[in-house]
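Protein chains in written order, with the numbering used here: chain W, 1 to 558; chain E, 1 to 639; chain G, 1 to 127.
Hints in this document: simulated from the structure, not taken from any laboratory. Quantities reported herein were computed from a predicted structural model and do not represent experimental measurements. Think of the CB as a built atom: it goes at the ideal place given N, C-alpha and C, for glycine as much as any other residue. Hints are not guaranteed to be accurate.
To be verified - Derived coverage of chain G by chain E (criterion: at least 3 residues anywhere in the stretch with Cβ under 8 Å from a Cβ of chain E; other residues may be distant):
1. 14-20
2. 92-99
Unchecked claim - Now the stretches of chain W that chain E is said to cover, found in silico as 3 or more residues with beta-carbon under 8 Å:
3. 40-47
4. 309-320
5. 323-335
6. 482-491
Claimed, not checked - Calculated pairs, SDA-like style, for lysine to any residue (alpha carbon to alpha carbon, straight line, at most 20 Å):
7. K11/W - L77/G
8. K77/E - P290/W
9. K250/W - N281/W
10. K246/W - D82/E
11. K236/W - M257/E
12. K89/W - K13/G
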Amino acid sequence: MEIPFVVNARKDTGLFNSKVGIWLFLASEVTLFGGLFSGYLFLRLFADFPWPERTLPVLPGLINTFVLIGSSVTVVFAWAALKMREWRKFQIHMSITLACAALFMVLKGIEYNAKFHHQAVRLSGGSPVEDFAVIEGHVHKVKLEGDHLVHADKNDQEAFYANQLIFKAESVTFALKRPAHEAYLQMILDQAPEGVEITLADDYKVGGEVILEKGEPLSVEMMDQLEAAYLDAISKDTKIRTAFEKASWKWIRDEKGVTEQGTYVVEMDLWKERRKEDVKNYSPLMLRAPAEAEFAISAPFNLRLDPDDVPPGLRGDSQMTLRDDTVIKGQLLESPIVMAVDAIDFRHTAMRAEKEGIDPMKAIESSWVLTHQPKGHGVEHSENTLKKAWECHQAWLSFETERLEKKGRKPTDQDKYRINWDQMIAYQQLDFDPQKVRSASDDGTLYETHLFDLSGFAGANHDKHHFPEVEIPREKVGFESTFTPKWNTYYAIYFTITGLHGLHVIGGAIVLGYYLFFGRKMYESNPEWLANRVEVGGLFWHFVDLVWIFLFPILYLM
Amino acid sequence: MSAESHDHHDDHHHVLPWWKKYLFSTDHKTIGIQYGLAAGAFLLFGFFLMIVMRWSIAYPHEPLPGYLSWIFTDGWKARWLDDGKVTGDTYNMFGAMHGTIMVFLGVVPLGFAAFGNYVTPLQIGAPDMAFPKLNMASFWVYLAGGLIMCMSFFMESGAAKSGWTNYSPLAGVADRQIVNQLLAGQTQWLIGLVLLITSSLLGSVNFVTTIIQLRAKGLTWMRLPFFVWAMLVTGFLLLLAFPPLEAAGIMQLMDRMAGSSFFMPSGLFSKSDGVLDLSGSGSPLLYQHLFWFLGHPEVYVLLLPAIACVAEIIPANTRKPLWGYKPMVWAVVILGFLSFIVWAHHMYLTGMGPVISTFFQTTTVLISVPSVILLTSMIISLWGGSIRFTMPMIWAAAFLPMFGIGGLTGLPLAFNLADLHLHDTYYVIGHFHYVVAPGILFGLFAGVYHWYPKMTGRFMDNTLGHLHFWPSLVAMNFLFFPMLTQGMAGFHRRWYNGGEGYIEKDPEGINIFGQTVAENIHLNEVMTTAAFALALFQLPFLINMVVSYFWGKKVTSDNPWDATTLEWATPTPPGHGNFVTDPSVYRGPYEYSRPDHDKDYFPQWEEPKRSTEQESDSPAELAPVADDVESQSGEGEAH
Amino acid sequence: MAGSIEEVKKAKKLYLFIGTLLFVFTVITVLVATVEWLDFGDHGFDGIDATIGLAIATFKASLVMLIFMHLNHEKGLIYFFYGLAIFMAAACMILIGWTKADPIRDGNWERADGFYNLEKPATKPEH
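Kindly produce the complete structure, drawing on both the sequences and the hints.
Structure follows, in structure tokens:
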């Protein structure tokens with residue numbers, strides 16, 4: 001059996017099969033990305049937070065655009081080479097295309113990586129409006145010394161990122177209704193220092209029979225045993241109660257005979273009566289397995305908990321509930337977020353103040369960022385550097401406003417309420433002195449455009465520059481995240497669309513690579529068929545380029 | 001499709017290993033049957049879930065009887081049943097999965113993928129689908145998606161539980177307590193959905209390409225059987241409507257796995273977690289838009305294959321041409337087009353605003369025009385025919401009024417003012433179940449009885465067929481008609497205890513709604529009994545399928561129904577590659593009872609007598625010349 | 001599409017030219033967004049910048065589609081597929097956008113940044 005029109009075109013449509021297929025596939029891709037762009041449009045137009053405009057470094061995106069356009073040219077050349085039966089040229093052009101795909105993904109990886117390590121914190125509390133100031137930067141690595149955090153070297157074994165919750169654990173209770181998450185169990189066991197014992201606080205009894213004795217040390221296997229015993233016990237209890245229920249209903253049906261209108265209510269009444277009796281009868285038969293198992297900790301120790309594992313509503317000063325319903329009792333220690341600040345953003349504060357009819361500047365002035373007194377263990381200096389940075393920004397802003405007014409223009413919200421990382425570097429180089437900033441602005445030497453500055457290729461470079469440090473107390477943290485989809489809907493759509501686009505690049509590269517590395521045999525037997533295949537693969541590749549042509553301005557320039 | 005130079009002509013005699021022949025086959029017929037069996041199994045599973053739910057509605061305080069609960073393990077019962085009774089959570093889970101399974105895993109694969117795969121290439125005279133390997137991949141991706149969805153019943157979280165529409169933020173919050181989100185039922189639902197969409201994309205690309213490229217010589221557009229037209233339109237619907245849902249599915253997956261807030265508004269509060277740790281500013285409305293952008297075309301994806309089966313069966317059994325073939329073709333094309341711009345009539349109560357509601361109300365009312373053209377044409381097709389009440393015809397005949405009820409009960413829902421009252425009540429449930437169960441499923445049953453002889457070489461048994469049909473017809477109506485009554489009385493569609501909590505016990509009481517509920521609640525028992533009866537009377541069908549395969553009456557010719565379309569020109573059952581010789585088509589699809597012809601049917605492939613001397617050149621060019629039908633009927637086909 | 005060797009040879013020059021054009025317009029779109037004296041409309045990003053950016057992107061996309069993807073001499077059927085898809089995607093986008101910008105949607109008069117800037121109706125009827 002042979003399928004017609006695989007190589008040659010059908011007369012009335014003028015097309016071969018795979019070409020029809022790929023165009024149909026691309027049509028569906030149009031609606032796929034159409035759906036995603038609808039999402040972008042909708043989320044952006046009606047966002048209730050200041051949408052981050054032109055927030056990504058342009059250079060990686062620009063290079064990637066060049067790379068993809070270049071690969072589009074070479075892929076069409078590769079097809080042309082096949083048409084002219086020049087195998088060598090086909091190989092060269094196709095190899096360049098694949099190299100471009102690889103380069104594209106590498107650059108994408110660099111961009112993603114920078115964002116995964118870039119932290120943002122949205123503050124809470126304060127007056128006259130809720131403090132929605134945003135602090136961006138890199139989280140420091142710290143370690144515990146007693147109950148306090150101290151700076152740690154990057155390569156220190158005990159070091160961890162300073163955004164964890166530090167909790168002095170005294171006892172831990174596992175819920176047996178749902179199996180405990182093994183990773184959590186392991187985390188608790190791993191973090192317990194040498195010599196600290198975690199043991200069962202009471203005998204675990206099912207129906208009078210002791211399953212595990214008091215003092216048994218905690219382990220993964222024993223939790224499995226407890227859970228199995230509990231499940232077994234409630235299964236048995238359920239079975240007994242179900243049998244009683246069934247017997248009652250049989251009695252009700254026999255008593256009532258044929259159902260008639262209104263019997264429903266009567267039946268319910270009978271059932272309720274009957275139930276009281278049932279409970280009396282089956283109560284002594286129940287095994288009554290405890291639904292939780294408490295473990296005592298011989299000496300309280302400091303447990304580091306990832307904030308993602310403890311929902312904010314379940315954090316207490318003396319009790320933490322993990323997502324698998326494990327309850328840890330003890331005491332919450334000071335767990336600040338210690339970070340080097342490369343940007344401060346008051347746009348959200350200003351936006352909310354305007355909504356409430358309050359002067360934005362007033363709201364900003366009362367923000368914790370400008371009012372707090374630096375203290376403490378992790379941070380060396382005691383001056384509020386962020387406040388000084390803000391004063392510098394005002395100095396620059398007054399210059400900028402005057403400059404723009406001459407042209408009949410106004411500064412944007414971003415100019416007014418955000419200290420970007422390149423500005424932060426400039427202010428820092430002028431020792432956070434507002435006068436110096438003003439005069440440097442007047443001279444035009446404050447900072448150059450960073451478009452072609454490779455040290456800031458994918459964002460603020462914390463290796464090269466030193467940024468002011470801050471220690472944000474836990475109760476001031478309203479919402480915190482790295483620059484991942486969690487941070488806001490802009491980054492969510494950015495990662496989703498570019499991630500999906502990246503998958504398309506990889507998929508396309510695999511197909512084209514297959515033609516390059518395994519196409520020789522087909523080239524010799526049926527070169528026209530291979531040319532058709534490369535054309536179809538190329539059509540997909542152009543589509544991938546086409547999507548990027550829209551993605552670049554929408555995500556990087558708007 | 002290997003380029004190797006082995007001899008293609010002896011493929012018929014190749015002995016393939018069994019797993020290649022029956023399991024990983026690239027033959028469209030085997031894949032069609034695989035789809036059919038898998039979809040059938042899913043339908044039965046979905047039906048079982050529904051029976052458990054109906055038990056809970058009618059007897060909310062009574063433990064499940066042994067014949068329903070034996071399937072669950074003791075541990076499962078302890079966790080998900082309250083002393084043997086269905087809990088609200090379990091009901092939600094079953095409800096969500098019932099809808100999902102019936103729509104995405106049952107009816108669409110049965111109608112589009114199973115019948116489409118088996119019949120379409122045969123009807124257009126193609127040796128196979130255009131991309132046989134993609135076709136196979138499509139099936140296996142579908143099966144993987146379906147199994148992933150259903151497997152979640154056995155996990156700690158249970159299966160998805162936020163309705164088959166999976167609305168955010170409810171669906172975004174559900175199962176949040178599960179630490180490894182990959183093992184949450186709600187996440188697996190999404191992963192399964194993305195796989196199903198991938199499968200249907202592969203399928204629809206394949207179908208449309210096949211229909212465009214692989215038509216036999218002489219099979220011009222207006223000679224295509226209506227079935228093929230319906231499949232073409234369905235293919236386009238799947239192709240263009242599913243991707244936005246895939247986008248929504250991916251976004252919701254990000255919401256679950258990466259903590260984003262695409263569909264989560266600011267300040268979302270949950271009872272267990274407090275204010276959720278989310279950035280907010282997402283939009284639940286966006287999810288609904290993207291979902292229903294698929295959701296409404298999906299209705300026609302369900303419906304068109306059933307209509308298509310009926311449209312094939314009616315002419316073959318009335319022995320006269322399909323009335324209004326051309327208007328029906330145009331109607332189905334317009335129906336497909338309009339179905340893309342009616343979606344928000346599912347969302348009148350979201351607060352979209354009256355202007356946009358009016359727009360969607362207008363398009364919704366418009367779309368009833370092509371639907372009515374289709375149904376009316378088929379009813380008029382019966383007029384004056386000498387109807388042979390064969391088994392498939394009985395089902396097809398029942399399809400017409402049943403689908404009619406389903407369609408007409410939809411009209412009040414199209415108007416946003418009426419919908420304010422009826423939204424989310426049992427009226428909606430009654431409406432779309434009338435469309436899907438006694439409508440679409442009856443159409444597909446008709447298709448099974450119609451093409452079974454071609455698939456197996458044996459007829460299905462008539463006695464068992466009647467034992468299947470009549471009780472099913474009665475049970476369906478006792479099951480779904482009371483829903484319309486209850487719905488108008490205000491019964492909400494998601495009550496797990498059938499409205500027990502709302503009953504006003506005092507007959508003199510002033511709680512009017514409570515009185516209405518009390519008046520109508522006994523219908524729950526009627527419907528539940530009907531559901532049990534319906535389940536019971538599917539047994540004859542299942543027995544029939546198996547028994548007829550081995551002992552059924554053998555067909556005596558390749559064309560047992562004396563039909564005219566190309567699938568009846570193949571050997572029975574068709575071998576790999578379908579046709580013994582390349583078929584040519586000389587006339588339209590429904591040439592029954594032509595006065596100038598001696599038999600009462602004139603198959604598409606039968607050569608006209610006077611054209612024999614020219615045939616050796618090129619049948620494709622010859623065909624339109626030889627075709628004297630169109631000049632007679634004066635319709636003048638474009639050459 | 002270009003079938004013969006002659007045509008393919010000729011087309012190669014065109015491909016190079018289009019590739020260069022795409023490079024040039026990419027640079028232009030970046031300059032318009034980053035250089036101040038090319039910033040049309042208000043200072044910073046605004047609707048005019050969005051329009052210019054999207055117009056350039058659309059132009060570039062059409063070049064890719066017409067030349068690289070050979071739509072300039074492709075069959076009508078393909079145009080039909082693509083047209084249908086673009087229509088559907090546009091319907092999806094426009095209708096979804098429209099939903100939220102419904103002119104008489106509750107509370108919509110109060111939004112200064114909405115699509116419709118209707119005047120707030122009198123709170124009390126006149127009569």
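Quick rundown of the hints versus the structure:
1. 14-20: violated (count 0)
2. 92-99: holds (count 5)
3. 40-47: holds (count 4)
4. 309-320: Check passed, 5 qualifying residues.
5. 323-335: holds (count 3)
6. 482-491: Holds: 7 residues of the stretch 482-491 of chain W have a Cβ under 8 Å from chain E.
7. K11/W - L77/G: Cα-Cα ~13 Å, so holds.
8. K77/E - P290/W: holds, 18 Å
9. K250/W - N281/W: Holds: K250/W and N281/W sit about 17 Å apart, inside 20 Å.
10. K246/W - D82/E: Since the Cα atoms of K246/W and D82/E sit roughly 13 Å apart, the hinted pair holds (cutoff 20 Å).
11. K236/W - M257/E: violated, 36 Å
12. K89/W - K13/G: Roughly 16 Å between the alpha carbons, so the hint for K89/W and K13/G holds.
This entry does not satisfy hints 1, 11, going by the numbered hints stated previously.
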